[in-house]
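When the letters of the sequence shown are read in order and numbered with the numbering used here, they come out as residues 1035 to 1303.
No lab work stands behind these hints, which were simulated from the structure alone.
Backbone N, C-alpha and C define an ideal beta-carbon position, used for all residues, glycine too.
Careful: at least some of the hints might be erroneous.
Pairwise CB distance ranges, derived in the manner of DEER restraints [claimed, not checked]:
# : residue 1 : residue 2 : range
1 : 1298      : 1114      : 13 to 23 Å
2 : 1298      : 1224      : 33 to 43 Å
3 : 1055      : 1273      : 43 to 53 Å
4 : 1079      : 1217      : 30 to 40 Å
5 : 1280      : 1230      : 46 to 56 Å
As a list, the in silico DSSO-like pairs of lysine-lysine whose alpha-carbon atoms are at most 30 Å apart [said to hold, decoys possible]:
#  : residue 1 : residue 2
6  : 1136      : 1105
7  : 1293      : 1044
8  : 1117      : 1072
9  : 1136      : 1293
10 : 1072      : 1044
11 : 1044      : 1096
12 : 1136      : 1044
13 : 1136      : 1188
14 : 1293      : 1105
15 : 1188      : 1096
16 : 1096      : 1262
17 : 1117      : 1105
18 : 1105      : 1188
19 : 1096      : 1136
20 : 1117      : 1044
21 : 1123      : 1044
22 : 1123      : 1105
23 : 1044      : 1105
24 : 1044      : 1262
25 : 1105      : 1072
26 : 1123      : 1096
27 : 1123      : 1072
28 : 1293      : 1262
29 : 1096      : 1117
30 : 1123      : 1188
31 : 1123      : 1136
32 : 1136      : 1117
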Amino acid sequence: MIIGFIGAGKMARAIGKGLVDGGVVPATGLICSEPDTKSASPFLDLLPGAQATTDNTEVVRKSDLVILAIKPQVFPEAIPVLKEASAGKLILSIAAGITLEKIRGWLHPTTRVIRSMPNTPMQIGAGASVYAGGSNVTEADYALVHRVLSSAGKAWRVEENQIDAITALSGSGPAYVFHFIDALIQGAIALGLPVNLSRELALQTVLGSAQLASESELAPLDLAAQVKSPRGTTLAGCAVLEENDALNNLMARCLSAAKNRAEELARGA
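Please work from the sequences and hints to get the whole structure.
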């Protein structure tokens, strides 16, 4: 089996590494395309034995599964030229906001298209991905895509009308978490703690808390309640987050803005 990538950026490299580490295909079963050979170097360095080309059509013709790993803004120019080569092919798009209908309109009528939203923790095998397919996608196609995406984390099959909201949650979510980690670090520094200690404590606190929440049967707020002692320090700190429902309102605005942007991308904005 040959798996091809149109684009060889961070997400392509993350998926490629997951495929090789997970035993889905050897590196020799991967091919990527970039506008120039220099841009493909990080992909080839990470995955010795993989092939690279500057011809997107070559990737499509050689591959059993083609992963569209380019930015949404590039699709209108890059994808229609693949129309003839894509006949009968299985295509997986990881671009935010580009609908199945639009992708299928650019490609051959017999192309089977699946749309996905992975996230950057795939780089360390801890990704969260979802996928949805067009009407002519087979169960075997879904099984292959599930295997591809879950090779670097966890994957769920969903309805396409859920993907923009999921993009706002798990697609963009790592950035929100990174902002939160940085805020913890900066807050600790402001209290007089050393930079390195603040960073290490913040990272371990977030890592341990996420792992505990993942392994516990309790809801997140029930776990939070276990940390709060009457008239204690945690209760005082959480009172700030809960004042006027501040944190919930902030995250709701954050996810809404990201979902709205995904919808704008779908409209070509």
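The hints, checked one at a time:
At about 21 Å, the beta-carbon gap between residue 1298 and residue 1114 stays in the expected band of 13 to 23 Å. At about 37 Å, the CB distance of residue 1298 to residue 1224 agrees with the hint of 33 to 43 Å. Taking the beta carbon of each, residue 1055 and residue 1273 are about 45 Å apart, inside 43 to 53 Å as hinted. At roughly 34 Å, the beta-carbon separation of residue 1079 and residue 1217 lies within the given 30 to 40 Å, and the hint holds.
Distance hint check: the CB atoms of residue 1280 and residue 1230 are about 30 Å apart, inconsistent with the given range 46 to 56 Å. Distance hint between residue 1136 and residue 1105 is fulfilled; the C-alpha atoms sit about 15 Å from each other, no more than 30 Å. At roughly 22 Å between alpha-carbon atoms, residue 1293 and residue 1044 fall within 30 Å of each other, so this suggested pair holds. The straight-line distance between the Cα atoms of residue 1117 and residue 1072 is roughly 27 Å, inside the 30 Å bound, and the hint therefore holds.
About 18 Å separates the Cα atoms of residue 1136 and residue 1293, which keeps this hinted pair within 30 Å; it holds. Restraint check: the Cα-Cα separation between residue 1072 and residue 1044 comes to about 15 Å, which is no more than 30 Å; the hinted pair holds. About 22 Å separates the Cα atoms of residue 1044 and residue 1096, which keeps this hinted pair within 30 Å; it holds. Under the criterion of a C-alpha separation no larger than 30 Å, the hint pairing residue 1136 with residue 1044 is consistent with the structure, at around 24 Å.
Among the hinted pairs, residue 1136 with residue 1188 is consistent with the structure: their alpha-carbon atoms are about 27 Å apart, no more than 30 Å. About 17 Å separates the Cα atoms of residue 1293 and residue 1105, which keeps this hinted pair within 30 Å; it holds. Proposed proximity of residue 1188 and residue 1096 is supported: the alpha carbons are some 28 Å apart, at most 30 Å. Straight-line distance between C-alpha atoms of residue 1096 and residue 1262 comes to about 58 Å, which puts the hinted pair past the 30 Å bound.
In summary, the hint linking residue 1117 to residue 1105 is supported, as the alpha carbons are separated by about 18 Å, within the 30 Å threshold. About 23 Å separates the Cα atoms of residue 1105 and residue 1188, which keeps this hinted pair within 30 Å; it holds. Proposed proximity of residue 1096 and residue 1136 is supported: the alpha carbons are some 24 Å apart, at most 30 Å. Taking the CA atoms of residue 1117 and residue 1044, the gap is near 26 Å; set against the 30 Å cutoff, the hint holds.
Our distance criterion of 30 Å between C-alpha atoms is met by residue 1123 and residue 1044, whose separation comes to about 24 Å. Restraint check for residue 1123 and residue 1105: satisfied, since their Cα atoms lie roughly 21 Å apart, inside the 30 Å limit. With a C-alpha separation of about 12 Å, the suggested pairing of residue 1044 with residue 1105 holds against the 30 Å cut-off. Taking the CA atoms of residue 1044 and residue 1262, the gap is about 40 Å. The hint is violated against a cut of 30 Å.
Restraint check: the Cα-Cα separation between residue 1105 and residue 1072 comes to about 19 Å, which is no more than 30 Å; the hinted pair holds. As the CA atoms of residue 1123 and residue 1096 are separated by approximately 10 Å, the hinted pair is consistent with the 30 Å bound. Our distance criterion of 30 Å between C-alpha atoms is met by residue 1123 and residue 1072, whose separation comes to about 28 Å. At most 30 Å may separate the alpha-carbon atoms for a hinted pair to count; residue 1293 and residue 1262 exceed this at roughly 33 Å.
As the CA atoms of residue 1096 and residue 1117 are separated by approximately 15 Å, the hinted pair is consistent with the 30 Å bound. Between residue 1123 and residue 1188 the alpha-carbon distance is near 25 Å, which keeps this suggested pair within the 30 Å criterion. Using a Cα cut-off of 30 Å, the hinted pair residue 1123 and residue 1136 holds, with the two alpha carbons roughly 16 Å apart. Simply put, residue 1136 and residue 1117 have alpha-carbon atoms about 13 Å apart, close enough for the 30 Å limit, and the pair holds.
Consistency with the previously given hints fails for numbers 5, 16, 24 and 28, ordered from lowest to highest.
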